[in-house]
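Asker: Keeping their order, the protein sequence lines are chains L and P.
So for the first sequence, our numbering puts the first residue at 1; every next one is plus one.
So for the second sequence, our numbering puts the first residue at 1001; every next one is plus one.
Wrong hints could be hidden among the right ones.
Keeping only pairs whose Cα atoms sit at most 30 Å apart, straight-line, the calculated DSBU-like set for lysine-lysine is [what the hints assert, rightly or not]:
(1) LYS30(L) / LYS1172(P)
(2) LYS1291(P) / LYS193(L)
(3) LYS1291(P) / LYS6(L)
(4) LYS1382(P) / LYS110(L)
(5) LYS259(L) / LYS1073(P)
(6) LYS1083(P) / LYS243(L)
(7) LYS110(L) / LYS121(L)
(8) LYS1382(P) / LYS6(L)
(9) LYS30(L) / LYS1382(P)
In case anyone wonders, no lab produced these hints; they're calculated from the structure.
Spelled out, the chains give:
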Amino acid sequence: MTNFLKVSGFSLLMIGGFSAYSNFGIPQIKPAPPPVEEKLELGAMTMDQFIALGGKIYNEKGTCTLCHNAMGRAPMLDKIGSVAAENLKNPNYKGAAKTVEEYLHESLVKPSAFVVAGFGKAGSNDTESPMPDVSGGGIGLSEAEIAAVIAYLQDSSGSEVTVSIPAMPAAGAETSKAGATAPLKTPEEIIAKYTCGACHVVAGHAVGSQTGTLGPSLARIGATKSREYLRQAILDPDAVIAKGYAAGMMPRTYGEQLKAQELEMLVNYLAGLK
Amino acid sequence: MPIRNTRIIGGAILLAVFAILALPAFTPAANASEAVAPVSAATTATAIPAAQAAAKATDVPDAKAVAYPPAPKLTAADYPTFKGVNSRVAVWLAAQLHLWFGAFVLAVPIFVFIIEAIGMATRDERYDQMAFEFMKVSITAYSLTALLGGLLTFILLLLYPDLFRYLATIFKSSMFAYALLFFAESAILYVYYYGWHWLQGGNKKWVHLTLGLLLNAVGCLLMFLANAWTTFMMSPAAVDAAGVFNGDTWAAIHNFLWNPINIHRLVANVAFGGSIIGAYAAFKFLSARTKEERAHYDWIGYNANFIAIAALLPLPFAGYYLTAEMYAYSQQMGITLMGGVFAWIFIIQAVLIGALFLSANYYLWCGMGRSEGAYRYNSRIKYIAIVLVVAFLVWFTPHTLVLTNAELKSLGGPYHQYLGVLGLMPAKNTAVNFLILFTFMSFMFYRRANKIATASWVTTGNAIQIALFTVGLINITLLGVYYGYFTNTVYKVAASIPQVLTTLTIIVVSTVIDTLMYKGAKEVAPLHWGRMPARSQYALFLLAVAFTWLMGLMGYVRSAIRQHWHVQGVFRDNSVDAFTPDLGYAANIVSIGTILFMAMVMFIFWLNAINSRRVAAKGYWKKPA
Chain L
1 MTNFLKVSGF SLLMIGGFSA YSNFGIPQIK PAPPPVEEKL ELGAMTMDQF
51 IALGGKIYNE KGTCTLCHNA MGRAPMLDKI GSVAAENLKN PNYKGAAKTV
101 EEYLHESLVK PSAFVVAGFG KAGSNDTESP MPDVSGGGIG LSEAEIAAVI
151 AYLQDSSGSE VTVSIPAMPA AGAETSKAGA TAPLKTPEEI IAKYTCGACH
201 VVAGHAVGSQ TGTLGPSLAR IGATKSREYL RQAILDPDAV IAKGYAAGMM
251 PRTYGEQLKA QELEMLVNYL AGLK
Chain P
1001 MPIRNTRIIG GAILLAVFAI LALPAFTPAA NASEAVAPVS AATTATAIPA
1051 AQAAAKATDV PDAKAVAYPP APKLTAADYP TFKGVNSRVA VWLAAQLHLW
1101 FGAFVLAVPI FVFIIEAIGM ATRDERYDQM AFEFMKVSIT AYSLTALLGG
1151 LLTFILLLLY PDLFRYLATI FKSSMFAYAL LFFAESAILY VYYYGWHWLQ
1201 GGNKKWVHLT LGLLLNAVGC LLMFLANAWT TFMMSPAAVD AAGVFNGDTW
1251 AAIHNFLWNP INIHRLVANV AFGGSIIGAY AAFKFLSART KEERAHYDWI
1301 GYNANFIAIA ALLPLPFAGY YLTAEMYAYS QQMGITLMGG VFAWIFIIQA
1351 VLIGALFLSA NYYLWCGMGR SEGAYRYNSR IKYIAIVLVV AFLVWFTPHT
1401 LVLTNAELKS LGGPYHQYLG VLGLMPAKNT AVNFLILFTF MSFMFYRRAN
1451 KIATASWVTT GNAIQIALFT VGLINITLLG VYYGYFTNTV YKVAASIPQV
1501 LTTLTIIVVS TVIDTLMYKG AKEVAPLHWG RMPARSQYAL FLLAVAFTWL
1551 MGLMGYVRSA IRQHWHVQGV FRDNSVDAFT PDLGYAANIV SIGTILFMAM
1601 VMFIFWLNAI NSRRVAAKGY WKKPA
């Protein structure tokens, strides 16, 4: 028993020592959280902002600086604007680009189209690049983000920025794409789209089975509540909780999702249910 | 009775052979065109009738015909949660415990097979007894391995059902083959263990040894299949950007990192298995009540330590190969591993490996006390110790120092002018080669301690060995200095291969010379097995604990470099645990796992101890009439 306790104590001491060293002997770097797909508001962006966005992607999401740095893992891109024009004329160039902008795009999505001497994959004799396609896999840049990076590379290397800010929405911009669609035309469409009936009884129209009981009945809501109250209840559902119902049940996002026209239409409709 | 036993063994072997033969049926050819190609080639070479060739071709399943779904795009709400259960930690601990036990039960039969063969060759029964004792420890661990494997599957199904479904769809054939092989493994293991004392002498011993070989073959296949599921998550093969699988089972298994992991795990398992058996021997040594018992467990401890160190020496090379392949697969993954948030893990690893080398050497030095002739080498041990400590410190030096602004200013930057280079790979490669060579030197001194060479060319042989070590160490140092200080980053890792080759040359040539030189050598005096201080046994325990903890840590980093991906680049982890934790948190989970594992191991040791106890309960049993 004594030996059992001794070796157990010794083992625990060792394990504790390893743990303590890992907690207090080395810096506790907090890794960055997983990247989120940001909504790009391209429509309101100036070219300077677009270039700045490219710089941000270049340094963060694109992880370009992991290799394109002074350590020599990949070619430096500080003169890429002028170097690209020379590379296009290089006999080893295998791509289809005609302009510097096209060349940069090709370098990002098909990096093996041209491999700078000495930077190819080991054993490939500089015919294959170790760089991944930035539009796929772990990086996953959208076309708009790639365009922003190209604008940044052209600008930071002192070249003329030929990229135009894309009109198309970027990755993660599905919401803004939805936002660009026409407003819904009837209260029934709004109630159906936002599935109000899943939680409330909404009488008086023919949209699905509107018999939810998680929230108060709206069948005669206009008889007791004002327009202001209804507007607030949609935009800030937990501001006033109806007796007998729990807070936090109704989504707080309708203020962002509904268009102003739709909100007013819905409020008027509910106020008319008497 | 012998006929019945023969039938049992025959049945088990048949089952195992059937499972192995059935395996290819579940791993179809890469695709239909590839499947046809060898048949066509065979047709021209051996004139197989066309109809037969066509029949063969149609037998091969058309992988392209199977439509696989894309990787699911999950939200946090898609992951089932249970109050008070952290899903990631639950899977982490279950997987790690299963892996530790799996590594142990797959490793032990490897060296048991070798020890049994040595016993047969030398006709020294002690080897046979020792091999059986190793199996005795392993057989109890086998049940725990299966239980933990079941627990892991259950937790995965419960907490990560979509991930399990996605992988199971791709690997369904190999998972079925895995289950078959598991039955085969169990059947062979039980016959191998329970038939040990029955299958003795003459041809029966050969049958037993063959069973051992079969056990290892099936065990390795099991591990390789499970490795494929893990490595597919790191380097998925035959999938498009949406995660749609468009290959066959073999394509999924034979992914980019499969072989590097197979090699690394195989070598590491042997080292780990040796260290756990060493801990068992140490525990028994400390608890021994007689001189004979102490001598027996000292001998077992020595052999277990030898196995652990023999496998530890090539392990850094296997690790280097794995890392190089990670870089080759994805430079981004490689840099995240070595230069990103995980870089500090390698400093912790250096501490652990330093502890491993120092404890293994310390045990060897203590072991020299068994010999009357060891005094001839005692004065040299301190120099070996100094080299080991310096090498450890070099390996331990981080590339980037954590400095205050004032320190940064006085240093003139984050790197020291001369010592900064010690944080780079050439210096660390140099240090690890020194660690390996000087550990090998310790072992050579230990081996020579009780012998006096009688060969006529001893002086020449010693001179050649000294020259070999001197030139080799100078070569390793020059390579390290040249690539460390005088080349740019891209070429710095290039030092490693010539350094490794130098180390291997020294070890192989020196072993050959030593073996020839000490052939027929005189013994100074019989070795005093059991003449070991108690503290030496704690070195064996340190070896086991450090190995277990290190495996847990490196297992974490292997998995964590996928970051927020279940399957790298195609199947994103959107659970609330998708973030990478800081190293302190990871180390604490590894510590909890190690404590659980060591507690279970101690339980196994205890079971083995009570198994050999016999209590005569006087007056309890009715005497036969």
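Asker: So, for every hint listed, does it hold in this structure?
Answerer: Cross-check of the supplied hints:
Between LYS30(L) and LYS1172(P), the direct Cα distance comes to roughly 38 Å. Violation of the 30 Å bound is thereby established for this hinted pair. Annotation: proposed proximity of LYS1291(P) to LYS193(L) is violated, straight-line Cα distance about 84 Å (limit 30 Å). A distance of roughly 21 Å separates the Cα atoms of LYS1291(P) and LYS6(L); the hinted pair therefore holds under the 30 Å criterion. With a CA separation close to 58 Å, the supplied pair LYS1382(P) and LYS110(L) exceeds the 30 Å bound.
For the hint linking LYS259(L) to LYS1073(P), the alpha-carbon distance of about 28 Å falls within 30 Å, and the restraint holds. Proximity of LYS1083(P) to LYS243(L) is assessed by CA-CA distance (about 29 Å); at most 30 Å being required, the pair is judged to hold. Note on LYS110(L) and LYS121(L): the hinted pairing holds, with a Cα-Cα distance of about 14 Å set against a maximum of 30 Å. Pair hint LYS1382(P) plus LYS6(L) holds up; C-alpha atoms about 29 Å apart against a cutoff of 30 Å.
For the suggested pair LYS30(L) and LYS1382(P), the alpha carbons sit about 42 Å apart, so the restraint of at most 30 Å is broken.
The structure is inconsistent with the numbered hints 1, 2, 4 and 9, although it conforms to all the rest.
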